[in-house]
Every structure is written in C-alpha cells, then in structure tokens.
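2 protein chains.
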Amino acid sequence: MRLSPAITELIQALRLLPGVGPKSAQRMAFQILERQREGGLRLAAALTEAVEKVGHCEVCRTLTEDAVCGICAQPKRRDSGLLCIVETPADVLAIEQTGYYQGCYFVLMGHLSPLDGIGPDDIGLDILAKRLREEPVQEVILATNPTVEGEATAHFIADLAHRQRIATSRIAHGVPVGGELEYVDQATLGHAFSGRKVIDMN
Amino acid sequence: MRLSPAITELIQALRLLPGVGPKSAQRMAFQILERQREGGLRLAAALTEAVEKVGHCEVCRTLTEDAVCGICAQPKRRDSGLLCIVETPADVLAIEQTGYYQGCYFVLMGHLSPLDGIGPDDIGLDILAKRLREEPVQEVILATNPTVEGEATAHFIADLAHRQRIATSRIAHGVPVGGELEYVDQATLGHAFSGRKVIDMN
Numbered sequence: 001m002r003l004s005p006a007i008t009e010l011i012q013a014l015r016l017l018p019g020v021g022p023k024s025a026q027r028m029a030f031q032i033l034e035r036q037r038e039g040g041l042r043l044a045a046a047l048t049e050a051v052e053k054v055g056h057c058e059v060c061r062t063l064t065e066d067a068v069c070g071i072c073a074q075p076k077r078r079d080s081g082l083l084c085i086v087e088t089p090a091d092v093l094a095i096e097q098t099g100y101y102q103g104c105y106f107v108l109m110g111h112l113s114p115l116d117g118i119g120p121d122d123i124g125l126d127i128l129a130k131r132l133r134e135e136p137v138q139e140v141i142l143a144t145n146p147t148v149e150g151e152a153t154a155h156f157i158a159d160l161a162h163r164q165r166i167a168t169s170r171i172a173h174g175v176p177v178g179g180e181l182e183y184v185d186q187a188t189l190g191h192a193f194s195g196r197k198v199i200d201m202n
Numbered sequence: 001m002r003l004s005p006a007i008t009e010l011i012q013a014l015r016l017l018p019g020v021g022p023k024s025a026q027r028m029a030f031q032i033l034e035r036q037r038e039g040g041l042r043l044a045a046a047l048t049e050a051v052e053k054v055g056h057c058e059v060c061r062t063l064t065e066d067a068v069c070g071i072c073a074q075p076k077r078r079d080s081g082l083l084c085i086v087e088t089p090a091d092v093l094a095i096e097q098t099g100y101y102q103g104c105y106f107v108l109m110g111h112l113s114p115l116d117g118i119g120p121d122d123i124g125l126d127i128l129a130k131r132l133r134e135e136p137v138q139e140v141i142l143a144t145n146p147t148v149e150g151e152a153t154a155h156f157i158a159d160l161a162h163r164q165r166i167a168t169s170r171i172a173h174g175v176p177v178g179g180e181l182e183y184v185d186q187a188t189l190g191h192a193f194s195g196r197k198v199i200d201m202n
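So the protein sequences, as listed, match chains A and B.
Quick note: the first sequence, position 55, residue 55 per UniProt numbering, numbers continuous.
Quick note: the second sequence, position 112, residue 112 per UniProt numbering, numbers continuous.
FYI, nobody ran anything at the bench for these hints, they're computed from the structure.
Just so it is clear, CB atoms sit at the ideal spot from N, CA and C, and this is done for glycine as well.
Some hints here could point you the wrong way.
To be verified - No farther apart than 30 Å at their CA atoms in a straight line, the calculated lysine-lysine pairs in the DSSO-like style are these: (1) B:Lys76 with B:Lys53; (2) A:Lys76 with A:Lys130; (3) A:Lys53 with B:Lys130; (4) B:Lys76 with A:Lys53; (5) B:Lys23 with A:Lys23; (6) A:Lys53 with A:Lys76; (7) A:Lys23 with B:Lys53; (8) B:Lys130 with B:Lys76; (9) A:Lys53 with A:Lys130; (10) B:Lys130 with B:Lys53.
Stated by the list, open to error - Label pairs and their in silico Cβ distance ranges: (11) A:Gln12 with B:Ser113: 15 to 23 Å; (12) B:Pro5 with A:Pro75: 29 to 37 Å; (13) A:Glu180 with B:Lys53: 22 to 30 Å; (14) A:Gln12 with B:Pro22: 21 to 29 Å.
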C-alpha cells in the first residue's frame, strides 16, 4: 500500500527530528492526523516562527530572537567579570538551571574539529578574542564538553586568554553526585583522583 | 534563564508529539535552530499540508487526501469479497506490509468504549452495517486489537455480520513467530493451545 503523498511527506519530514526513526515518525504522523490536528497546526506555526525569528545573540552567540539575549542584557552579569565558554545553547540552559553561576556566557555553537574543516573562526573565536581584549573579563571558565574535541577547544581558548593575562579555569571532572564508584568509568575516576581536594578540618 | 518566547513555544509545541518529553523537545528545538532550519520549514509545510488536505476515505474511513483511498480504488480488491476490520490506519499499513492480504479494509478509527462515551456510530458501525447490507461481502475478517475493548468491538461486529449471514473470522492469536515460549505471556500461550492445528501428514 502506498500512503497518500501528503502523509508520506509528513512522515519523511518528521524523521529529520533527532531520535525519530521510521516507526516513531509514522506513529507521530497518524497521531497528529487522527487526534491532534490543532496541535499539528500549532507546531507548524511554532516552527515557522522560530526558524524565521530566532537568530544569534550579538554578544554571546546563543540562540535568541532579540539582538542581545536575556542574559547578556543584564548589567549585573556583564559586570561580574566572569565569562563561561560552552559549546551549545543547551549547555547554557543546563548551567542556568543549577543556579550556581551568575556571570556571562560565550557560546561556541560547536567545537574545533580540523578533520571536519571547523577552525577557530567557525566557532566565533575571533569574536571571543576581541571580547577578551576589549572587555574587563577577570576569569574565563571553560565548560566545553569533556571529549577530545572539547578538551582541544578548551586548550586553544585557555591559550587565547593567557595572552591577555586573564585567569582561566576548567570545570571540575569527577564522580557524579549520587553516582556509585563501581559504575564510574576509568577516565572519570582518574580525574576524580587527580582533582582531589584537601579536607580542611578547621 | 528564560528562553526567548519563540523557542519556548517551539519546545511546548514539540511536546504534543507522542513519546516526546521535555528533554527530547528541547533537544529537537535546538537541533532545528542550530543545524536544520530548512528541515524545520519543510516540517512546518508538511504539517500544514497534511492537516489541511488529509481526510477520511469515503469507503473505508482510513486517512487519505483523496475521496477514495488507494486500496478501495482498486476494483480487484473490492471484487475479492473480503473485508478486514481494523482499528487504525496504522493497522492497515502493518497488514499491507505483510503482503498476505488482498481484500478491502474498514477502519474503525478507534474501538467501542462505553465508559468514554464511544458507541457504535462513533466508530462508523452504521456505515459498516450499510456496507454489509448493500455490498456482496463474502467474509468479514476481524483484526481489531486483542484487548478487552478490541474483543468487545470484534464481538459486536461479528453479530452485525451474522445478521446478514456473512461468514466472519477472527485473526489467529498465538505465539509470535521467532518468539520463545518461555517469554510468552499466559493469555497468549492459552490462545496458542486452544487454537492448535492438526498436522496433516498426508
């Protein structure tokens, strides 16, 4: 049986979403057409609006529909002198949800990956270098992913900051809170040992 | 951090899809905005087109953008005298993919469920009764789901067909091909025994 062209196209288009395979896409398409037609139109409108309006923050490069994002627009945060470097807007959201950090961000929208032809300018390091020269940044906190590419990118940015004599730190790697040692991988456990902290009994 | 309204609305709208929770919706939204803007617009267009164009087949009630679906339009199938009753268009697709069945379908778009206020007319049984009276149907094959509601619906339709003196059959329940007896549930195994077939050695 050939499904009608409009249904086939909808299933194909849904497969572009991450984590959606042929069976899920088919289930989603049928659910929309059988029970959620209004929801389908709402999703279509939301997609069009987001794709058309959302761009990058002029200051930190995160996704936003304003020229400057909600975080960069807060003078309190820009005055903090802290600049956290992350790979994606989702990382910003994850850090914001902790509530621990009150500084600014710079979003690379990726990481250095010479094999894929992604060099420093592709992840905005020219903009970052300018910002480090011109703004009174006191500490650069490197929060790129703990992967080979993330580490290389962190090293490259640490070098940039070092040339401007700006203090640089890397977020701690170690055993996740609530995790059990038995199930933690060797590299993480190694980091947990080399990054151990003295317990001050005073 | 508050995400910009367009991104928030996109995440909310994506959560309407079956199987998509808050984390998946967020990941989908960021993926579309970071890397798949064209795909996002394509999905929006496909959703709008499908919701606006796709309706129900006049004959069998499945989802289609034509007045009569691709299966009902084939004279060979209508002449077969076989009518398979299923709950959803996805069931039609699943049966078609087996390649075993060459008759027509009738899609209930649900099942009888008195507690939810779903009676015979809500699942098109008035249309089915008319079809059984007026068309030369030789066998009604009941392929509703093997759930309490599906069985009740099958029983109701068997009664309808019986009044028109039309032969009625229920698809076989038993051990799935490739399955192991050890992992098959009791009800299925019970069906497998009561529906056992004599092996003809001739």
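Evaluation of the provided hints:
no.	hint	verdict
1	B:Lys76 with B:Lys53	holds, 27 Å
2	A:Lys76 with A:Lys130	holds, 21 Å
3	A:Lys53 with B:Lys130	violated, 52 Å
4	B:Lys76 with A:Lys53	violated, 52 Å
5	B:Lys23 with A:Lys23	holds, 20 Å
6	A:Lys53 with A:Lys76	holds, 27 Å
7	A:Lys23 with B:Lys53	holds, 22 Å
8	B:Lys130 with B:Lys76	holds, 21 Å
9	A:Lys53 with A:Lys130	holds, 27 Å
10	B:Lys130 with B:Lys53	holds, 27 Å
11	A:Gln12 with B:Ser113: 15 to 23 Å	violated, 33 Å
12	B:Pro5 with A:Pro75: 29 to 37 Å	violated, 22 Å
13	A:Glu180 with B:Lys53: 22 to 30 Å	violated, 54 Å
14	A:Gln12 with B:Pro22: 21 to 29 Å	holds, 26 Å
Hints 3, 4, 11, 12, 13 from the earlier list are contradicted by this structure; the remaining hints agree with it.
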